[in-house]
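Assemble the whole structure, with the sequences as input and the hints as a guide.
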Amino acid sequence: MQLSSLDLSDTTLSVSATHQFRRVVLNVHSSQYPSHNLFRHFVTDHTILRKGSKRSKQLLKEQNNVERVLQGKTAVITGASRGIGAATARRFAAEGANLVLTARTVDKHPTLAGSLNETAEACTGLGAKVHIIQADLADEQSRLRIIPAALEEFGTVNILVNNAVAAIYKPLDRYSLKHRRIMTEINVQAPLDLIQQSLPSMFEANEGWIINLSSGSKRHPSGPPYDLGGVKGVYGFYGATKAMLDRLTTALASELADKRIRVNTVEPKAAVLSEGADAVVGDMLTSSQIESIEAMVESILFLAHCKPEHTGRNEISLDVIDQQNLTVMDLEGHEPHRGGKSS
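The opening position of the sequence shown corresponds to residue 2 in our numbering, with each subsequent residue numbered one higher.
Just so you know, these hints were derived from the structure itself, not from any lab.
Hints should not be assumed to be uniformly reliable.
Simulated crosslink set (DMTMM-like; lysine to aspartate or glutamate; CA at most 25 Å straight-line) [stated by the list, open to error]:
(1) 308 x 247
(2) 260 x 153
(3) 171 x 153
(4) 130 x 331
(5) 179 x 141
(6) 130 x 336
(7) 260 x 208
(8) 308 x 320
(9) 260 x 194
(10) 130 x 208
(11) 179 x 137
(12) 308 x 68
(13) 260 x 228
(14) 109 x 119
(15) 308 x 228
(16) 109 x 140
(17) 171 x 122
(18) 130 x 153
(19) 260 x 205
(20) 130 x 68
(21) 308 x 331
(22) 171 x 186
(23) 171 x 140
(24) 130 x 205
(25) 308 x 205
(26) 179 x 247
(27) 260 x 310
(28) 130 x 119
(29) 171 x 247
(30) 179 x 140
(31) 308 x 323
(32) 109 x 137
(33) 109 x 122
(34) 171 x 137
(35) 308 x 208
(36) 260 x 247
(37) 171 x 205
(38) 308 x 259
In this text the structure is predicted, and so the values were computed from the model without any measurement.
Quick look at the structure:
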């Protein structure tokens, strides 16, 4: 069989057989827990608010009259051209953050919705100051430009969201050294590099928030006997990189606890459909199999302003929402998210 690959949400996904792809996407991040009935939402409305538009001005006026939890904070978000990264950027913008957004896709993608420029335009329409950086996280020199550029633009980094991910799906006996290196560079080395570069600024501020996006694929398969048919046997290395990121997260949390720096991971409880994944498998899913991107973003937002004692957690999105009694808001932070599958 020939290898096929697609770029989804600034994420490279590859599977050993084309016909498996439509099934494997569902398990990219899912923690393999049943979906929470309250949040059976589909993909958000990705309407872009143009700067200066009537709707944009109305929202800015309303936001000026309410407390915004990230007001004046500077957040760096990787993989922000589409999907969870772009949605997080929009919500952070609505909450008053300055944004440094990075991805490989700066201009419009030939087949997928979303680009870094479009995300930036949506965020400036919500009143945010935005700086974009095109970077390839698999390349050390490219990714090491991100934090210095953020510091030059805004003078500080308060929040780091390591969202970008590489997911190449093949059985381990066919996993090339090249692919192992790509996965390790993007999923493990890049987050740690960005964390290390961000820490001096956080030390100076005597606080900081680091959120690493994880995945349910890190969990060990049940057995023996093992049932590794279909897609279950092709994301072992991806899951291993996420398990490593989880362990680094708890280690960093323990090392940095006296510095008031919160370090946490969060993963979806059910499948979250980005634009790319929706195009491939959206017509195959029922509402009980998916989690809204708004719900995922709500949990990320909580971890971006949580108290110092809330650190070293490997969180699951909908569990955070339940435990903290959060209301899932739309990406403009304007009203509760209604959900529902789009037609």
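Do the hints match the structure? See the list:
At most 25 Å may separate the alpha-carbon atoms for a hinted pair to count; residue 308 and residue 247 meet this at roughly 20 Å. With a C-alpha separation of about 23 Å, the suggested pair residue 260 and residue 153 falls inside the 25 Å cut-off, and the hint holds. For the suggested pair residue 171 and residue 153, the alpha carbons sit about 41 Å apart, so the restraint of at most 25 Å is broken. A C-alpha spacing of about 20 Å is found between residue 130 and residue 331, which places the hinted pair at or below 25 Å, so the restraint holds.
In summary, the hint linking residue 179 to residue 141 is supported, as the alpha carbons are separated by about 15 Å, within the 25 Å threshold. With a C-alpha separation of about 23 Å, the suggested pairing of residue 130 with residue 336 holds against the 25 Å cut-off. A distance of roughly 6 Å separates the Cα atoms of residue 260 and residue 208; the hinted pair therefore holds under the 25 Å criterion. In summary, the hint linking residue 308 to residue 320 is supported, as the alpha carbons are separated by about 17 Å, within the 25 Å threshold.
A hinted pair counts as satisfied when its Cα atoms are at most 25 Å apart, and residue 260 with residue 194 qualifies at roughly 19 Å. About 22 Å separates the Cα atoms of residue 130 and residue 208, which keeps this hinted pair within 25 Å; it holds. The straight-line distance between the Cα atoms of residue 179 and residue 137 is roughly 16 Å, inside the 25 Å bound, and the hint therefore holds. For a cut-off of 25 Å, the pair hint linking residue 308 to residue 68 stands: about 17 Å separates their Cα positions.
Of the pairs offered as hints, the one joining residue 260 and residue 228 is violated, with about 45 Å between alpha carbons and a cut-off of 25 Å exceeded. For the hint pairing residue 109 with residue 119, the CA-to-CA distance comes to about 8 Å; that is within 25 Å, so the pair holds. Restraint check: the Cα-Cα separation between residue 308 and residue 228 comes to about 42 Å, which exceeds 25 Å; the hinted pair is violated. Only pairs whose Cα atoms come within 25 Å are accepted, and residue 109 paired with residue 140 is accepted, the gap being roughly 22 Å.
Proposed proximity of residue 171 and residue 122 is contradicted: the alpha carbons are some 37 Å apart, above 25 Å. Between residue 130 and residue 153 the alpha-carbon distance is near 14 Å, which keeps this suggested pair within the 25 Å criterion. Straight-line distance between C-alpha atoms of residue 260 and residue 205 comes to about 10 Å, which keeps the hinted pair within the 25 Å bound. Pair hint residue 130 plus residue 68 holds up; C-alpha atoms about 18 Å apart against a cutoff of 25 Å.
Distance restraint check for residue 308 and residue 331: the Cα-Cα separation of roughly 23 Å lies within the 25 Å cut-off, and the hinted pair is therefore satisfied. Distance restraint check for residue 171 and residue 186: the Cα-Cα separation of roughly 18 Å lies within the 25 Å cut-off, and the hinted pair is therefore satisfied. Our distance criterion of 25 Å between C-alpha atoms is met by residue 171 and residue 140, whose separation comes to about 22 Å. This hinted pair checks out: residue 130 and residue 205 have alpha carbons roughly 22 Å apart, not beyond 25 Å.
Annotation: proposed proximity of residue 308 to residue 205 holds, straight-line Cα distance about 18 Å (limit 25 Å). A distance of roughly 23 Å separates the Cα atoms of residue 179 and residue 247; the hinted pair therefore holds under the 25 Å criterion. Between residue 260 and residue 310 the alpha-carbon distance is near 11 Å, which keeps this suggested pair within the 25 Å criterion. For the proposed pair residue 130 and residue 119, the alpha carbon gap of about 14 Å is at most 25 Å, so the pair holds.
Our distance criterion of 25 Å between C-alpha atoms is met by residue 171 and residue 247, whose separation comes to about 22 Å. For a cut-off of 25 Å, the pair hint linking residue 179 to residue 140 stands: about 13 Å separates their Cα positions. The hinted pair formed by residue 308 and residue 323 meets the criterion: a straight-line CA distance of about 17 Å does not exceed 25 Å. Our distance criterion of 25 Å between C-alpha atoms is met by residue 109 and residue 137, whose separation comes to about 17 Å.
This hinted pair checks out: residue 109 and residue 122 have alpha carbons roughly 13 Å apart, not beyond 25 Å. As the CA atoms of residue 171 and residue 137 are separated by approximately 22 Å, the hinted pair is consistent with the 25 Å bound. Between the alpha carbons of residue 308 and residue 208 the distance comes to roughly 10 Å, so the proposed pair stays at or under 25 Å and holds. A distance of roughly 20 Å separates the Cα atoms of residue 260 and residue 247; the hinted pair therefore holds under the 25 Å criterion.
With a C-alpha separation of about 44 Å, the suggested pairing of residue 171 with residue 205 is violated against the 25 Å cut-off. The straight-line distance between the Cα atoms of residue 308 and residue 259 is roughly 13 Å, inside the 25 Å bound, and the hint therefore holds.
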